[in-house]
Amino acid sequence: MIGHLLKLMWNKRRANSMIFLEILLAFIVLFGVYGFLGYCFERYSSPLGFSYENSIGVRVDLPDDLDSLGAIQLQERIRRDLLDLPQVEGVTWLGPVNPFGSSTWMNGSEVNGQNIMAQMMFTDEHFAETAEVELIEGRWFEPGDYSSKYPPMVVNKEFQERYYPGTSVIDSVFDIGGEYQVVGVTGDFKFKGNFAENFPLVWYPQLHRMQEEDNSPFEMMILRLQPGSLADVEETIYKQLVAAVKSTEVVIWDMAKDRKKANRDIVVPIVILSIISAFLLINIALGLFGVLFTQINRRRAEIGLRKAMGATPSQITTQFVMEILLVTSAALLLGAFFAVQVPLLELTPIPGKYFYFGILGAIATILLIVVLCAFVPSRQAASLQPASVLHEE
1 MIGHLLKLMW
11 NKRRANSMIF
21 LEILLAFIVL
31 FGVYGFLGYC
41 FERYSSPLGF
51 SYENSIGVRV
61 DLPDDLDSLG
71 AIQLQERIRR
81 DLLDLPQVEG
91 VTWLGPVNPF
101 GSSTWMNGSE
111 VNGQNIMAQM
121 MFTDEHFAET
131 AEVELIEGRW
141 FEPGDYSSKY
151 PPMVVNKEFQ
161 ERYYPGTSVI
171 DSVFDIGGEY
181 QVVGVTGDFK
191 FKGNFAENFP
201 LVWYPQLHRM
211 QEEDNSPFEM
221 MILRLQPGSL
231 ADVEETIYKQ
241 LVAAVKSTEV
251 VIWDMAKDRK
261 KANRDIVVPI
271 VILSIISAFL
281 LINIALGLFG
291 VLFTQINRRR
301 AEIGLRKAMG
311 ATPSQITTQF
321 VMEILLVTSA
331 ALLLGAFFAV
341 QVPLLELTPI
351 PGKYFYFGIL
361 GAIATILLIV
371 VLCAFVPSRQ
381 AASLQPASVL
391 HEE
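Everything in the sequence shown is counted per the working numbering, starting at 1 for the first residue and increasing by one.
Please note: incorrect hints may appear among the correct ones.
Quick list of the computed label-pair ranges, beta carbon to beta carbon [unchecked claim]:
no.: 1; residue 1: Val111; residue 2: Ala231; range: 43 to 51 Å
no.: 2; residue 1: Pro86; residue 2: Thr348; range: 47 to 55 Å
no.: 3; residue 1: Leu347; residue 2: Pro86; range: 51 to 59 Å
Derived pair list, reagent style DSBU-like, types lysine-lysine, alpha-carbon separation capped at 35 Å [said to hold, decoys possible]:
no.: 4; residue 1: Lys157; residue 2: Lys257
no.: 5; residue 1: Lys257; residue 2: Lys192
no.: 6; residue 1: Lys192; residue 2: Lys239
no.: 7; residue 1: Lys257; residue 2: Lys149
no.: 8; residue 1: Lys239; residue 2: Lys260
no.: 9; residue 1: Lys261; residue 2: Lys246
no.: 10; residue 1: Lys239; residue 2: Lys257
no.: 11; residue 1: Lys157; residue 2: Lys353
no.: 12; residue 1: Lys239; residue 2: Lys261
no.: 13; residue 1: Lys261; residue 2: Lys353
no.: 14; residue 1: Lys261; residue 2: Lys192
no.: 15; residue 1: Lys157; residue 2: Lys192
no.: 16; residue 1: Lys261; residue 2: Lys157
no.: 17; residue 1: Lys257; residue 2: Lys246
no.: 18; residue 1: Lys260; residue 2: Lys246
no.: 19; residue 1: Lys149; residue 2: Lys192
no.: 20; residue 1: Lys353; residue 2: Lys260
no.: 21; residue 1: Lys157; residue 2: Lys260
no.: 22; residue 1: Lys157; residue 2: Lys239
no.: 23; residue 1: Lys149; residue 2: Lys261
no.: 24; residue 1: Lys246; residue 2: Lys192
Worth flagging that the hints you see were computed from the coordinates, not collected in a lab.
On a predicted model such as this, the values are computed, not experimentally measured, just so you know.
Heads up, the beta-carbon is just placed ideally off N, CA and C, and yes, glycines get one too.
All chains should be modelled from the sequences, with the hints used to inform the complete structure.
Structure follows, in structure tokens:
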């Protein structure tokens, strides 16, 4: 039977070639889309690592004539005054790298023959409490750590698992921008957004670095507020900060909205690719319906003759479905051959497992659509009565 179907396919190669090309193009697009969606979904499903709801970011312009000690004292006074507001539950100062911001700091070094590369954030001892960061081992900075032999450092779980899997790094000393001792390990932490890579990350105590290395004072804060209180307290916070720093250059933003902006760079391409994929699948469905109905009308005599010779309706249906499945399988095999080269040759930074998922997902989707679209016209062909069809001919 397969040989007979192959012969029929060859005789109608011009019509089948269009279906072949449509399915091949749809497979290539779906393969890429499914691979990318799987990659993005896994990233999105991993924890963000901190709280952003009911939180605001603040940037102030501290006076330029302050020395390090004066800047630290002003920051502490601002923090205490903000905490006196009943709507404010937590305040923390942090450096130029802030959640959902555009800045990224990287540093690396060679430790015991191993190249270590990590992102960097600078915060005070109140960051974990304010941002509700989960600590899976150890603790966050404490003021007493600043007088220790080595200043403290906190790392995330990805840092530990990538460079020291199965080993505790608590109390270990690393020379990354200076010698620091690890006092705590957090869970996942993706400050660039839900779709960001869970990259190795280290936190340094910002006030200690500013005091010891004469760095510029940090001028960003995160404030955790009581739920629903932002509209009521925003103006009060603004006026209080303007009075404290004697400057109107105070910027306040909602971190929940900032998260949406950070995710937009991934969400928009996902929506566009999904629309393109849906359009291609609809195009395939319409093309299959059109080709099959045309073939049935042209082959009415053949169908009537087969039924007159004893072919059952199920056999007629099976023949038409098998014909289109053979064309589909040929296109899918060719597409899969080229698609599998992407993970094998590591042509993209996306791990290969997502592309294998894309291949299987594209094959399953196209086969499902092809079978559904082929079934309706095939059932119509099977319902033709041989006497009326042969009489027409």
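Results of checking the hints against the structure:
1. Val111 with Ala231: 43 to 51 Å: 48 Å Cβ-Cβ, so the 43 to 51 Å window holds.
2. Pro86 with Thr348: 47 to 55 Å: 51 Å, holds
3. Leu347 with Pro86: 51 to 59 Å: 56 Å, holds
4. Lys157 with Lys257: 27 Å, holds
5. Lys257 with Lys192: 13 Å, holds
6. Lys192 with Lys239: Distance of about 30 Å is within 35 Å: holds.
7. Lys257 with Lys149: Not satisfied, since the Cα-Cα distance of roughly 41 Å exceeds 35 Å.
8. Lys239 with Lys260: The given pair, whose Cα atoms are some 27 Å apart, holds under the 35 Å limit.
9. Lys261 with Lys246: Roughly 31 Å between the alpha carbons, so the hint for lysine 261 and lysine 246 holds.
10. Lys239 with Lys257: 22 Å, holds
11. Lys157 with Lys353: Between lysine 157 and lysine 353 the Cα gap is close to 22 Å, so the pair holds against 35 Å.
12. Lys239 with Lys261: Holds, because 27 Å separates the two Cα atoms, which is no more than 35 Å.
13. Lys261 with Lys353: 29 Å, holds
14. Lys261 with Lys192: Roughly 10 Å separates the two Cα atoms, so the pair holds.
15. Lys157 with Lys192: Holds, at about 16 Å.
16. Lys261 with Lys157: Roughly 26 Å between the alpha carbons, so the hint for lysine 261 and lysine 157 holds.
17. Lys257 with Lys246: 28 Å, holds
18. Lys260 with Lys246: 32 Å, holds
19. Lys149 with Lys192: 33 Å, holds
20. Lys353 with Lys260: With a Cα-Cα distance of about 28 Å, the restraint between lysine 353 and lysine 260 holds, given a limit of 35 Å.
21. Lys157 with Lys260: 25 Å, holds
22. Lys157 with Lys239: 39 Å, violated
23. Lys149 with Lys261: Roughly 42 Å between the alpha carbons, so the hint for lysine 149 and lysine 261 is violated.
24. Lys246 with Lys192: Holds, because 31 Å separates the two Cα atoms, which is no more than 35 Å.
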